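S.K.: Residue strings, one per chain:
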Amino acid sequence: AQKVTQAQTEISVVEKEDVTLDCVYETRDTTYYLFWYKQPPSGELVFLIRRNSFDEQNEISGRYSWNFQKSTSSFNFTITASQVVDSAVYFCALSGVNRDDKIIFGKGTRLHILP
Amino acid sequence: AAGVIQSPRHLIKEKRETATLKCYPISRHDTVYWYQQGPGQDPQFLISFYEKMQSDKGSIPDRFSAQQFSDYHSELNMSSLELGDSALYFCASSLVGRGGLNTEAFFGQGTRLTVV
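Sequences listed follow chains A and B, in order. Numbering of the first sequence is given in the working numbering, commencing with residue 81 and proceeding in unit increments. Numbering of the second sequence is given in the working numbering, commencing with residue 955 and proceeding in unit increments.
Isolated chain A, as found in the complex:
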């Protein structure tokens, strides 16, 4: 069975601090996708990244970076120099790569960036 665990329910940091959101996953698949989504107060799910299990390179996009460690089944997300606009719920998610595979979400981490 597939499972995504986001142990941090809620995090508060002061603006400009760096913050890391943890994600640990379980799957029996040898090939899979990992995702991060942002859900601001308006409710939409904003796609941030998809990572193929074959690709363990870390990725950086502006202030965002992701650390994929297959050995520990983790896919952590770091926001550098956080801003108030980063306040949202962040979901880590997992899916297989086949036609019938659906995306399984973690419970989410609510991030508060304090001015």
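Simulated from the structure, these hints should not be mistaken for lab results. Remember, predicted model here, so these are calculated numbers, not experimental data. Every clue listed holds true.
Below are the DSS-like pairs computed for lysine-lysine, each with C-alpha atoms no more than 30 Å apart in a straight line: (1) A/187 <-> B/1011; (2) B/1011 <-> A/118; (3) A/187 <-> A/150; (4) B/1011 <-> B/976; (5) B/976 <-> A/187.
Across the chosen pairs, the derived CB separations fall in these ranges: (6) B/966 <-> A/121: 16 to 26 Å; (7) A/127 <-> B/1006: 22 to 32 Å; (8) B/961 <-> A/158: 31 to 41 Å; (9) A/98 <-> B/1024: 47 to 57 Å; (10) A/92 <-> B/995: 19 to 29 Å; (11) A/192 <-> B/957: 24 to 34 Å; (12) A/192 <-> B/1040: 22 to 32 Å; (13) A/94 <-> B/1023: 42 to 52 Å; (14) B/969 <-> A/141: 37 to 47 Å; (15) A/83 <-> B/1031: 25 to 35 Å.
Residues of chain A placed beyond 12 Å of chain B at every Cβ, according to the derived structure: (16) 137; (17) 142; (18) 145; (19) 192.
Heads up, the beta-carbon is just placed ideally off N, CA and C, and yes, glycines get one too.
Given chain A's structure and the hints, the job is docking chain B onto it.
M.R.: Just chain B now, with coordinates in the frame of chain A:
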């Protein structure tokens, strides 16, 4: 390019009424997924369709039904609405490649259903 379109964006219904949510996938996408997100919860998979056939089914109540039409749009029909059905309903679409592998799924903006 246009993303996944869901309508309506907001819907208010009374208990025991019926609701129909619509999803228009990205052009040429052949797979549609429906998710339900209750207040403070993570999105939960309801059902998916590939090439107009039901592909997978999650924890979808018997009161709900869905289908995908010839133009690939999908509708989620919800009958005998209950207060607990109040949630955000997301639709996502993807394209299954020739090898049967999914491209990434793109989510619509969601429909917020309130049952009163």
